[in-house]
Amino acid sequence: MIGGYNIDFLIASLIILFLVLFEFEKQNQLKNASTKIFRLFLLTGIADVVLDLLSTFLLAWNIGELAGVTRVILTAFYLMQILMPYFAVYYTQTLRRINLPKIHRSMKLWGIVPMFLGVVVITNLWSEILFGFDAMGNYFHGPAYLLMYIYGIMYACALLPICICHRHEFSSREIRVVMEFLFIEGICVAVQAYDGRYLTTGFGIGLCMAILYLTINNPHIYVDYLTGCFNMTYLRVWVREQMEKEKSFHVIAADVSGLNRVAKIAGADVSDYVMMEIADKLRRYDKNAKVFRIAGKRFLIAVESLAEYESCRSYMQELFMQGFDVDHNGEPVRFRAVLCGMVGAETLQSRSILLAYLDYMAGLAANSEDTVLIQSDEKIMEGFLYEQEIERYLKTAVEDDLFELNYQPVYSLKEKSYVSMEVLSRLRHPNLGYVPPDVFIVLAERSGQISQISELQFRRLCRFLKEHRDILDKLESVKFNLSPLELMKCGHSRVLIDTIREFELPYAKFQFEITETAATEYSDNLYQLIKEFQQVGIGLCLDDFGVGYANCNTVMKLPFSAIKLDRSLLKDVCSEPQAAVFYQSIANVLKNMGFQVIAEGAETAEEVELLRSWNVNLIQGYYFSKPVSGTEILKVLEENQDKSGE
Amino acid sequence: MHNVGEKTFVKKSLEWTFIAVSMIVFAAVLMMSSVNLFAGTADSIKLLSDGWYTMENDERTAVSLPLERKSGSGEALILYNDSLTKSDAGRMITTRGAQYGLSVFLDGEQIYKYEDKAFPRNSQMKSKQDCDARIPVDFDGGKLKMVLDTPLRGEYRVPHVWIGTGSDVLFHHFQDAAATFAVAFIFIILAVIAVGTAGYLHSKSIESRRFVDAALFLLVCSVWFMTDTSVMQRYGGNAANVCIISFYAFMLLSVPMLHLVKNTGGMQKYRTIDALIFAFYLNAIGQGVLNLCLGIDFVDMLVVTHVLLFIGVSAITILMTRESRCSADRDVRMVLTAFVTVGMSGVLALLLYWILEIPYYGNIFQAGILIFVIMILFNIIMSMAENIHYRTEMMAYQRMLKEDWMTGLGNRQPFEEHLSELQKSKDLQGNPALIFLDLNQLKRINDEFGHAAGDEVIIGAAKCMSKVFGDDGKCYRIGGDEFGVILPEPKITAEEWFEKLEQEILQYNRGSRYRLSIAYGWSDLKEEDGHRKTLSDWKYEADCRMYENKGGLRRL
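Note that the protein sequences, when read in sequence, are chains E and Z.
Here the numbering used here is used: position 490 in the first sequence is 490, and no number is missing along the way.
Here the numbering used here is used: position 407 in the second sequence is 407, and no number is missing along the way.
These are computed hints drawn from the structure, not numbers from a lab.
Heads up, a few of these hints could be off.
Unchecked claim - Computed cross-link-like contacts, DSS-like style, restricted to lysine-lysine with a CA-CA straight-line distance of at most 30 Å:
hint, chain 1, residue 1, chain 2, residue 2
1, E, K247, Z, K402
2, Z, K402, Z, K262
3, E, K297, Z, K467
4, Z, K443, E, K571
Stated by the list, open to error - Between beta-carbon pairs, the in silico distance windows are:
hint, chain 1, residue 1, chain 2, residue 2, range
5, E, R240, Z, E548, 55 to 65 Å
6, E, M488, Z, E548, 46 to 56 Å
7, E, T123, Z, A182, 17 to 27 Å
Idealized CB from N, CA, C, for every residue including glycine.
Model the full structure from these sequences, guided by the hints.
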């Protein structure tokens, strides 16, 4: 007890506040509005409690020489008391999900009353309108001492309408926290009002700050656990604020998925260590740069000036060129990194578009073996916007069934006629023209629309075949592509089989093509599916052999009737003897294993001659026919019939 | 390149320094005022507030100071005090009240009377004067009498009376003026900093007039503050001269400020500012002439300066409001805010001066000017920092304009520069070679697989080229699918280079979904006879060979 006051509460509060401040500052320095205000709020709270404690001591001791000091300390304490409710309002406002400049503007308005009160408190040194000291140095209330209480209650109560009127702009958790805040501080003030000996107001401040720290302003929620960089949550907040402030910023993303290879060889520990090393080096480079971890193996650095961008870019290039010394033995681990830079990233309008764009850019260097730097320019942006537009258009296309079918026949050298055909999807954008299948299939797979598209296409195919029954008589099989995603879907096989039955077509004339990737990711589900196809007599064909990691093992496990050799294998057969030997050997092996071998992508007579010499009988390619529409394929097959008939 | 980060750091720390400095200043002012107010608690100088009485009709009425007394008919107020003893001999009595024509008597002997020596003051100025009376050394107890004979607005306001040794009283006076001296000191320091900054910026050839203006303003202000204090006028030698300096400082302090405004944003176009500067000079000269020739006192002409100041501040405020409306210049807005602040404090001070005649009007104006100066300086520094920031940004932008963004190679501009530089170069060691390269079938890749595929191939091609040529030469992307390579001193033959390139392309194609194929054409700068080709011939030859090569490839 000091001078009849119990200061234990203040001391307890001070300890809590300092702990919160210590923990808060030890974390990453966040720069968003809510955090800034929280820091100010916290510091004001500490100042408030410290001054409260000091003035309690000074008033209790009542030393004549220190009368001036007491007065100044008390004035400062009053000023803090003015700031606290203001910051409480400010803090609550920053939690709202609205435009930041709007909040700052409105808070200027809110600041008028505290400003006025501040003037009153400072002039109180002369006027003694709030408090004063008599000749004995004893403290007394001035005539207007209630002013402070009225103000405090007014601003605290203002929080209620803010929360209620704008409840849609808060999360329910935030409203709950603000209410808790009011409740606790209210009780503490009430206790002190009831019995002035207990200085619980300051204690309430400590408790409230601890609550805010634990619930809303814990920097941990913005920090990635492994690397200590900022995480996606903070990226969202930061990008939004940056865009609202109309501040320009530039980003460089580093895709280090090349590290996966390191992980495969050296283990996950090493790759984690390297991740931490990267994060550390990036963070230490420039205090102003913000380093985010935006995906498993991807970092993003955001800077606000071109000069910083430039230096950051060269720093990162050098960093990844050098590699990382994992064992401290002077032999750094090097791996492929893709650096994607963009100047003026605020033009992208949202975090998700920014991330999609960086993703797109990283994809452009997917094949590179070394570290590359790609920076956004108009052409890349154009390509990205094109993909975005196609992605949007896909939805309409699926809804209105706007996909068309194209057919590319497979020629048999032996029979000198077309014996089969592959069904390909085609999409036409009203403004952008034909969309390459490689583009829209990848997009459809990404957005999960692929099986829907496939079903539509398959129905269309069946309808076409039913209308032109004679095609099936001319051909041995019709090949239809299934994407790996469809194969993972349970019950998809039934849909396809039912469709064939619905149109009363012979199962045996159908062959489903699946890619290597799907075949390698071989699962029970896939096996089940294939069994069902087999039961009704539908054939299976392995597509694009030679692109990915397919091996003979996979091929033998699944009951393929035909295998298509990818066009990339054929690319250099004419110019490179090794490529030719390779092609020939593979074709032989597969043929000896009993598979039907189809050569894809034959474009020149030279190639066709080579294939003939290697006894590859079935050929699909531009040399014979490009993919053509339904009416055209009828014509092509007709002519061909005539030719072979001759 | 780390200094870029430092610059933003400097910018940020400037902000914090500003806040910290203003906090320190405010704290200091607060502290000083509190020390001032309660200096009475110290022992050295004592309040003589008790023991005073008046005699009316031989009736003794005890009073205590400070005292307010109405005096409708203008009769003198006489206060007596009997509490002085022998121990007070040689001490000083000090109070204020010169505006009431104060005189002090001790046992009927006049020991103080206020007189305007050489320089007439008005009542506000008088009210700031310290009136010190010395008690003779041989004093042996007696009656102290204070006579105030000219009431103001029909009343007397008698302030505290202090008593102490001569040095204590002197110290007390200095303590009174401490706040003013502190402000003046801060001003001088700020002025020195401003001049230093101006010099530094001048050496870096950056516009710095405003720093000089601000420094001048600060110096004139500090002179005015200091010469306006009672201490300076009493102890600063010739009181009249100090007063004249004070008046001139006050008359002219607006001139540098007007220059500063003129140098801000787009304010040069307003002729009003020149007219105002002229008016202030005219006022100063005019008052001097009138004082010398006609003997009109400066105090009587003070109102002219006040009116001019009032007009000046309002005119500038109006002009700047107009300017800030049509241009969103942050500079103008900031200086405008500063002007509104100083204007408001000035108006408040003038109101207090003319209507209430209170002596501390000066402090209000001082505080206003202090805030004003801090705002102005802060603004100038911020705009300088912005200027520097803008410059570095522009330089970075200029450098980036020479890059091809997608591939990270140089673009057409540095390519052409490099070519002509080599062609003109005086001492050529080897025989520089130019290679034009062109991607085959890029359009088809674009059509068949989409833009992304095309860009991927371009990036791949750039990578192949820098791997092959990067160590000995320089690669440029000079068009959509065109590249140029310059080898200043090729060490191996063209065929060997292309062999390397083909190997690299082969390597790339092994891992790529899309087939990369490049056509190329080589041209040496020097003919076989050692004589140089012209730039256009050089390029033409490389171009032709590239197309030959492309034609050969067109077998598809």
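We went through each hint and held it up to the structure:
no. : hint                           : verdict
1   : E/K247 with Z/K402             : holds (25 Å)
2   : Z/K402 with Z/K262             : violated (39 Å)
3   : E/K297 with Z/K467             : holds (26 Å)
4   : Z/K443 with E/K571             : holds (18 Å)
5   : E/R240 with Z/E548: 55 to 65 Å : holds (56 Å)
6   : E/M488 with Z/E548: 46 to 56 Å : holds (52 Å)
7   : E/T123 with Z/A182: 17 to 27 Å : holds (20 Å)
Violated hint for the displayed structure: number 2, the only one.
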